[in-house]
Amino acid sequence: MKSETGFDPALYERFPTREPRPEGELEALEQVWCGPKGWQWITAINNNYVGVYYVGAAMLFFVLAGSLAVLMRTQLAVPMNGFLPQETYNQFFTVHGTMMMFLFAVPAVEALGVLLLPQMLGARDLPFPRLSAYAFWAYLIGGLAFFSSLFFGLAPDGGWFMYPPLTSTTWSPGINADFWLLGIGFIEISAIAGAIEIIVGVLRNRAPGMTLDKLPIFAWAMLIFAGMIIIAFPSIILSTLLLEIERALGWPFFDALKGGDPLLWQHLFWFFGHPEVYIIFLPAAGAMSTIIPAMARAPLVGYRLVVLAMLATGFISFGVWAHHMFTTGMPTISTSYFSAASMAVSIPAGVQVFAWIATVASGRMRFTTPGLFVLGALVIFTMGGLTGVMVAMVPFDWQAHDSYFIVAHLHYVLIGGMVFPLFAAIYYWLPMSSARPLSERLGKWVFWLMFAGMHLTFLPMHLTGLMGMPRRVYTYLPDRGWEWPNLLSTAGSFLFAAAVLLWIVDMVRNFRPFGAREAGDVWGGPGMEWIPTGRYSVRSIPVVRSLYPLWDQKNLIRDVVAGRYFLPNTATGERETLVTSTLNAEPQYLQRMPTPSGWHVWAAVFTAGFFLLLTVQAYWPSVVSGVLAVYCVLAWCWTLDRPRVEPTVDIGAGIRVPTYVSGPSSHGWWAMVILLIVAGMVGALLGFSYVFLWSRNPELWAPPPGLPSLAAVIAAYAAAAGLAWGACRILRLDRPRTPAIATLAMVAAVAAAAAGWWIDLDSWTATGLKASANTQGATVFALLAWQGMFVATTGLMALYALARWLGRQVEAARPTTFDLIALFLVFTAGQGAIAALLVRLFPGAAG
Amino acid sequence: MRAWAWMLGGLTLWGVHFAGVYAISSVGDVVAEADDPLWRGLALGFSGLCVLAGAGLGWVAFVRRRTAEDEAQRFRRDLAALGFAVAVVAMTWQALPTLTGH
Chain S
1 MKSETGFDPA LYERFPTREP RPEGELEALE QVWCGPKGWQ WITAINNNYV GVYYVGAAML
61 FFVLAGSLAV LMRTQLAVPM NGFLPQETYN QFFTVHGTMM MFLFAVPAVE ALGVLLLPQM
121 LGARDLPFPR LSAYAFWAYL IGGLAFFSSL FFGLAPDGGW FMYPPLTSTT WSPGINADFW
181 LLGIGFIEIS AIAGAIEIIV GVLRNRAPGM TLDKLPIFAW AMLIFAGMII IAFPSIILST
241 LLLEIERALG WPFFDALKGG DPLLWQHLFW FFGHPEVYII FLPAAGAMST IIPAMARAPL
301 VGYRLVVLAM LATGFISFGV WAHHMFTTGM PTISTSYFSA ASMAVSIPAG VQVFAWIATV
361 ASGRMRFTTP GLFVLGALVI FTMGGLTGVM VAMVPFDWQA HDSYFIVAHL HYVLIGGMVF
421 PLFAAIYYWL PMSSARPLSE RLGKWVFWLM FAGMHLTFLP MHLTGLMGMP RRVYTYLPDR
481 GWEWPNLLST AGSFLFAAAV LLWIVDMVRN FRPFGAREAG DVWGGPGMEW IPTGRYSVRS
541 IPVVRSLYPL WDQKNLIRDV VAGRYFLPNT ATGERETLVT STLNAEPQYL QRMPTPSGWH
601 VWAAVFTAGF FLLLTVQAYW PSVVSGVLAV YCVLAWCWTL DRPRVEPTVD IGAGIRVPTY
661 VSGPSSHGWW AMVILLIVAG MVGALLGFSY VFLWSRNPEL WAPPPGLPSL AAVIAAYAAA
721 AGLAWGACRI LRLDRPRTPA IATLAMVAAV AAAAAGWWID LDSWTATGLK ASANTQGATV
781 FALLAWQGMF VATTGLMALY ALARWLGRQV EAARPTTFDL IALFLVFTAG QGAIAALLVR
841 LFPGAAG
Chain W
1001 MRAWAWMLGG LTLWGVHFAG VYAISSVGDV VAEADDPLWR GLALGFSGLC VLAGAGLGWV
1061 AFVRRRTAED EAQRFRRDLA ALGFAVAVVA MTWQALPTLT GH
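Chains as they are written, first to last, in this note's numbering: chain S, 1 to 847; chain W, 1001 to 1102.
Hints are computed from structural coordinates only; laboratory data are not their basis. Note that the Cβ used here is the ideal one computed from N, Cα and C, for glycine as well. Hints are supplied without guarantee of correctness; some may be wrong.
[Claimed, not checked] Over 10 Å on every C-beta distance to chain W, these chain S residues come out as not near it, computed from the model:
| no. | residue |
| --- | --- |
| 1 | Ala44 |
| 2 | Val78 |
| 3 | Ala312 |
| 4 | Ser339 |
| 5 | Ala340 |
| 6 | Ala341 |
| 7 | Met383 |
| 8 | Phe606 |
| 9 | Thr648 |
| 10 | Ser695 |
| 11 | Gly706 |
| 12 | Arg729 |
| 13 | Leu733 |
[To be verified] A few chain S residues that face chain W, going by a derived Cβ cut-off under 8 Å, partial list only:
| no. | residue |
| --- | --- |
| 14 | Val307 |
| 15 | Phe315 |
| 16 | Ile333 |
| 17 | Ser334 |
[What the hints assert, rightly or not] With a Cα cut of at most 25 Å, we get these calculated SDA-like pairs of lysine to any residue:
| no. | chain 1 | residue 1 | chain 2 | residue 2 |
| --- | --- | --- | --- | --- |
| 18 | S | Lys2 | W | Val1030 |
| 19 | S | Lys258 | W | Val1030 |
| 20 | S | Lys2 | W | Val1089 |
| 21 | S | Lys2 | W | Phe1062 |
| 22 | S | Lys2 | W | Arg1066 |
| 23 | S | Lys2 | W | Met1001 |
| 24 | S | Lys2 | W | Val1060 |
| 25 | S | Lys2 | W | Leu1057 |
| 26 | S | Lys2 | W | Trp1004 |
| 27 | S | Lys2 | W | Arg1065 |
| 28 | S | Lys2 | W | Trp1006 |
| 29 | S | Lys37 | S | Lys554 |
| 30 | S | Lys2 | W | Arg1074 |
| 31 | S | Lys258 | W | Trp1004 |
| 32 | S | Lys554 | S | Glu19 |
Bound-form chain S, shown alone:
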C-alpha cells in the first residue's frame, strides 16, 4: 500500500505481538482511566459515561415531547373538544415539534455517535471529550429550561418554524417567542460542538489500517451527518439571531413596513430545516446499514454505493429547502429547480433501501427485536418517501400544503427514518453499553404496539388532509367527515404511548443495580464495538484489515484483549489515544487526553444562565453569567496546551511516534478550522441576507462611505493578519526573547483588527445610516456587530496570550495556542475585509 504520511505499512506485520506483556500494565491503564465516584459522576468526560447520559437525556425529551403529542391527540379525538384551551394547544404543538426536532432527534443520533464511535473506530476516546461533556450539559440544562417554560405559560406558540410576522413583537408580544429564539440558538451551539468532535474523531482517531474502504458504515454516516450540521446549523443560528435582534432592537430584517421581507426567514430557516431531515435520517440509516448485516448474517450489499448514496443525500439535501416555499409566489422556474432536486433526493434514499432489502434477501434474517425494528423502519420510511415524491411535485404541494397530509408525510419519514432505527439501535447495542440485553419478549410487544400505533395514528391523517383539514387547529367542526379519522389517530397515539411505556419498564429493569452483567456480543456483530472493553475502550488498538473485523480477522478479540496491538499500556502515564491520518489511518502521533474537572460543567451552567437571564430580560445578571462562562472556558483551555513529556514514545512493537504535534496535522487545528467554517457560513448567509433584502427594495439603499475609509479598513485587517502570522513565525525561532516578542506581535495584531473594525463602524455611522431605519442599516450594522463579536473574541485571546506569557507557558516547543489564535485572527481579518468590500461595492454608489 502507498503510504500517505511516510509511515511504512509493513510495520503492521509486527502485530499481533508475541512477547508476554509486562506485569501491572493493565492495572496502570485501569487506574488512569478510573471511573467517577460520588459527585465526580457530574464531571465525568469519558464517552462511556457522557454517551449514556446523552442518550438518556435525548430519550427523556422524546418521552416528554411524546406526552404532549398524546395530550394534543386527546384534544382532537372529537370535534369541538374542550380538553385543551386554544392557547395551551398552540404552545403544545410548538414545543412538541421543537423538542422532537431540536432536543430529541439530532441530539439522540449525536449521542449515539459519542457513545459508539470510540469503540467502533478503535479509539480510547473521541479527541475532545470535555467538549462532548460541555455539549451534553449545555443541551440538558437548555432543554429542561425550554420545556419548563410550559409550566409558566411562557412557552412559544408560533409553530416549530416560528414564521414572522406571526412571531414579530406585534403578533407575539410576550417573551414566549424569545424562549424559542434564544433557547434554540443556545442548544444548537451544543449540536455544533458535538459535530466538531465527531468529524475530527472519525477522520483522525481511527485504528491503524482502517482505510476509508474499511470505515464502518455508521462512522461514514456520522461523518456526513456532522459535516451537514456544520453547513446547515449556522443558518438557524443566524435566523434566530436576526429575529431576536428585530424583536429586541427593532432592526428590520423581516418587517415589510421598513423594507424587510418575511421570506428571508423562510429561506434561512429551511436552508437549515430541510437538511435537518437528512441530518436526522443519515445516522439512523447508518445504524440500519450496520444492524441489518448483523441480523441477516451477511455483508451489506453495495457498500460503496451506499456510501455514495449517503454523500449524495448530504449534498442534494442543501438544494431542496425551497420546496417548503412552493406556495409563497417564488418564480416558477426557481420552484422547478427545487422540485427537480426534491425528486432527485429520493434516488440515493432508494439506493439505500434496495441495499437493505438485498442484504436481507442475501442472508438469513433473524427476526429479533432489532431485526423487527429495522424491517418496520424500512416499510414506514418507504411509505413516507413515496408521499415525499408526491409533495415534491409543485401542483400537488399547492393542494396539500399546510394540511394534515403533510403531518402524515413528515411523521412517516421521521418515525420510519429515525425513531424505528433508533429503537433498533437501542435494542441492538444496549448489551454493549449496559452489559445486559433488553427483553426479547417485551421488545416484540414494544415493536408491534409501536408499529400498529404508528400506522393507526398517521395513515388516516393522509385522508383527513386530503379532505381539507388544516394543520395546527386546536379543534374542528362536526359533519366534515373528519371525526372517524381523527378518533382513529387518537387511538393509535395511545397504542404508541403504550409501547413507549413498556419500553421504559424494560429499560428500568435493564439498568437495575443488581444481577448478572455479562451479555457480550449477543448478536454476533462484526464491528469492533463488540470487542470486550473497559473504561479505556479497547485494551490495545488493533490493526484493521477488514470492513467486518470480527468476522474476518481470526483471534482479533483474543489478541486485542491480551494487549498485543498498538498502545497496550499508558505510554505517558496519562489518558491518551492514537491520532492517525485521514485517508489510510496511518499512526501520526499520540494525543494526550484531558482528565476530568468541573470547568466544562460550570461553563455550561453559566452559558445557559447567560441565555436564560437574557430571555427573561435580566440583563445585568445575564452579563455576569456570561463573564463567568468565559472565565470557565479560559480556565478549561489553560489545561490543554500542556508542557511536553518525552518527544516520542513507543506505542507498541518498537514503533515510536511524537507526543506533540502542532499546525495543520494537529487535532486542535482541525477543530479550529471546522469552527471557522461554521463562522464563515454564518457570515456568508448574512451576506446573502444583505443581497436578498437589497433585491426586495433597492430604492431604499443609500450610497456607502467613500473609498478612502475602505482602503484604511483593508489595510488594518491586512496588518492584523500579517502580524498574527508573524507572531507564530517569531515564536518558532526559539530564542530567549521570542516568547515576549511573539506575544507583543499577537497583541498588536488584535489592536490592528480592532482598528479596522472601528474605522469601518465609524465611517458608516458618519453617513447617518441608522440600524433601525431600514434594511440597509439593519444588515450593515448586523455585519458590523457580527464582526465586532469576533474582534472582541480576539481581544480575549490576546489577554489569554498575555496571561500565558506571564505564566511562562509560551515557548517554541508548544506553539499550538499561538497557532490557533493566529488562525482565528487571520479569519477575523479576512471576514472583516470581505464584509467591508461587500457592503461598500455592492450595490455601491449606484445603489
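Given chain S's structure and the hints, the job is docking chain W onto it.
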C-alpha cells in the same frame, strides 16, 4: 485535501451547478423576469458547461480508477468516478426546467 476534493468532485460540481442556476434565475427575476429568454439562455449555457465539465472529469476518473495501486485507493477512485456519473445525470435533469421554461 486533494484526495478528498477529487473523491467529492462530482457532487461538489452538482452543488455548484445548483447554486448557479438558482442564482441566475434569481438575478434574472430582479433584473427582468426569472424565465426571461436571455437569462434562460445564460442558465442553459452554464448547465451545458457544468455537464461538459462533469463528463470530462468523469471520463478522467473512470480511467484513473483502473490504475489504482491498492484497494483503499481504488475505493476512493470508484467514489470519484461514480460521483461524476451521478452529477452528470443530476445536472442534466436539473437543466430541464431551464430548457422548458417552467
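Each hint, compared with the structure:
1. Ala44: holds, 34 Å
2. Val78: holds, 44 Å
3. Ala312: Per Cβ check, S:Ala312 is inside 10 Å of chain W; nearest 6 Å; violated.
4. Ser339: About 8 Å separates S:Ser339 from the closest Cβ of chain W, which leaves it inside 10 Å; violated.
5. Ala340: Violated, because the least Cβ-Cβ distance between S:Ala340 and chain W comes to about 5 Å, which does not exceed 10 Å.
6. Ala341: violated, 7 Å
7. Met383: S:Met383 is indeed farther than 10 Å from all Cβ atoms of chain W, at 24 Å.
8. Phe606: At about 37 Å from chain W, S:Phe606 clears the 10 Å cut-off, so the statement holds.
9. Thr648: holds, 26 Å
10. Ser695: Its Cβ does come within 10 Å of chain W, the nearest being 5 Å, so this is violated.
11. Gly706: At about 27 Å from chain W, S:Gly706 clears the 10 Å cut-off, so the statement holds.
12. Arg729: For S:Arg729, whose nearest Cβ neighbour in chain W is about 23 Å away, the distance exceeds 10 Å, so it holds.
13. Leu733: Answer for S:Leu733: holds, closest chain W Cβ roughly 28 Å.
14. Val307: For S:Val307, the interface hint holds, since the closest Cβ of chain W sits about 7 Å away, which is under 8 Å.
15. Phe315: It holds, given that the least Cβ distance between S:Phe315 and chain W is near 4 Å, below 8 Å.
16. Ile333: holds, 5 Å
17. Ser334: S:Ser334 check passes; min Cβ-Cβ to chain W is 5 Å, inside 8 Å.
18. S:Lys2 - W:Val1030: violated, 53 Å
19. S:Lys258 - W:Val1030: Status holds; Cα separation ~19 Å.
20. S:Lys2 - W:Val1089: violated, 33 Å
21. S:Lys2 - W:Phe1062: holds, 20 Å
22. S:Lys2 - W:Arg1066: holds, 16 Å
23. S:Lys2 - W:Met1001: At roughly 16 Å apart (the allowed maximum being 25 Å), W:Met1001 and S:Lys2 satisfy the hint.
24. S:Lys2 - W:Val1060: holds, 21 Å
25. S:Lys2 - W:Leu1057: With a Cα-Cα distance of about 24 Å, the restraint between S:Lys2 and W:Leu1057 holds, given a limit of 25 Å.
26. S:Lys2 - W:Trp1004: holds, 16 Å
27. S:Lys2 - W:Arg1065: holds, 15 Å
28. S:Lys2 - W:Trp1006: Holds. S:Lys2 to W:Trp1006 sits at ~18 Å (cutoff 25 Å).
29. S:Lys37 - S:Lys554: Violated: S:Lys37 and S:Lys554 sit about 38 Å apart, past 25 Å.
30. S:Lys2 - W:Arg1074: Answer holds: S:Lys2 to W:Arg1074 is near 12 Å, not above 25 Å.
31. S:Lys258 - W:Trp1004: violated, 46 Å
32. S:Lys554 - S:Glu19: holds, 19 Å
Going through the hint list in order, the structure does not satisfy hints 3, 4, 5, 6, 10, 18, 20, 29, 31.
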